[in-house]
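A.B. asks: Chains as they are written, first to last, in the working numbering: chain A, 31 to 135; chain B, 1091 to 1254.
Don't take every hint at face value.
Claimed, not checked - Here are the computed lysine-lysine pairs in the DSS-like style, where the Cα-Cα straight-line distance is at most 30 Å:
#: 1; chain 1: B; residue 1: K1170; chain 2: A; residue 2: K51
#: 2; chain 1: B; residue 1: K1170; chain 2: B; residue 2: K1232
#: 3; chain 1: B; residue 1: K1228; chain 2: A; residue 2: K120
#: 4; chain 1: B; residue 1: K1198; chain 2: A; residue 2: K129
#: 5; chain 1: A; residue 1: K51; chain 2: B; residue 2: K1169
#: 6; chain 1: A; residue 1: K51; chain 2: B; residue 2: K1228
#: 7; chain 1: B; residue 1: K1198; chain 2: A; residue 2: K120
#: 8; chain 1: A; residue 1: K51; chain 2: A; residue 2: K120
#: 9; chain 1: A; residue 1: K71; chain 2: A; residue 2: K129
By construction, these hints were calculated from the structure, which means they are not laboratory data.
These numbers were taken from a predicted model, which means no experiment stands behind them.
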Amino acid sequence: MEENNISQKEKEGFLLLHMPKEVDHCGLVSIRNYADQKIMKEGFHDVIFDFQDTIVMDSSGIGMILGRYRLVNVLGGDVYIINANERIRKIILAAGLGKIVRFMN
Amino acid sequence: MRNEMELWFTARAENERLARMAVAAFLIEADPTLEQIADIKTAVSEAVTNAVIHAYGILGTDSEDGSEDGGDAEKKERKKIRMRCAINGSDFTVAVEDDGCGIADIAKAMEPLYTTRPDLERSGMGFSFMEAFMDELKVESKVGEGTSVYMRKDLAYFGGSDGE
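Given the sequences, and given the hints that come with them, work out the whole structure.
C.D. replies: And the structure:
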């Protein structure tokens, strides 16, 4: 992908999605298309959202995580969150996603 | 310190970023904390996204819906969002207004997890986020005329500047 916010490490079958500095509905369009292609066509069942660079996130980020969870859940996969700062973590938990995602460092 | 800003922009998904950057630039003089800037940017992002997607029904980015080569460009041209910001001492207010379809049932729209567009992966958390990140939220709307979202935040509250 030429999009600067997306890079990919396909270690051990995990789909790693680098989230942008500011997560909004507009910026997620290309990441969503990319992720769904990988999940549906290339068989990635476990998704890692990397929030290393993310400072601001609105509710579209919640929709993004939830949407990918619904996809991979039926395929037996899981959704992981890595490098989320305290704020992003709080947003994800406040939205009630604490039960369906796993936080890792 | 008192200051005001008014910004009109075309209803495009790409302008969510513009709105966030403009509001952050406007805030600098009031010496907010990083946390407050992030709160306000998130809330503004929600309000502008609502206007783009729900009020005006613009569902994709320019490259997606083909308006870069004339598709919806003309239609979008007439769809504007107005953002008004004011700072008075430590009191910050922002209004995001559109002339879109309006909301028939505001109370319902503000319920957490309620969305009219689950197909777009809207989480139904937009108004909840605005409420959570700001000190005050008011929504006025008339079907067929448009929606105004008013938000307020006291920047003195979490150790931000008290202005004057």
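A.B. asks: It remains to establish, for every hint, whether it holds in the given structure.
C.D. replies: Right, here's what the structure says about each hint:
1. A C-alpha spacing of about 26 Å is found between B:K1170 and A:K51, which places the hinted pair at or below 30 Å, so the restraint holds.
2. The suggested pairing of B:K1170 with B:K1232 holds, with an alpha-carbon distance near 17 Å, which does not exceed 30 Å.
3. Restraint check for B:K1228 and A:K120: the C-alpha separation of about 24 Å stays at or below 30 Å, so the hint holds.
4. Our distance criterion of 30 Å between C-alpha atoms is met by B:K1198 and A:K129, whose separation comes to about 26 Å.
5. Straight-line distance between C-alpha atoms of A:K51 and B:K1169 comes to about 28 Å, which keeps the hinted pair within the 30 Å bound.
6. Using a Cα cut-off of 30 Å, the hinted pair A:K51 and B:K1228 holds, with the two alpha carbons roughly 29 Å apart.
7. Proposed proximity of B:K1198 and A:K120 is supported: the alpha carbons are some 25 Å apart, at most 30 Å.
8. The suggested pairing of A:K51 with A:K120 holds, with an alpha-carbon distance near 17 Å, which does not exceed 30 Å.
9. With a C-alpha separation of about 27 Å, the suggested pair A:K71 and A:K129 falls inside the 30 Å cut-off, and the hint holds.
In summary, this structure violates none of the numbered hints.
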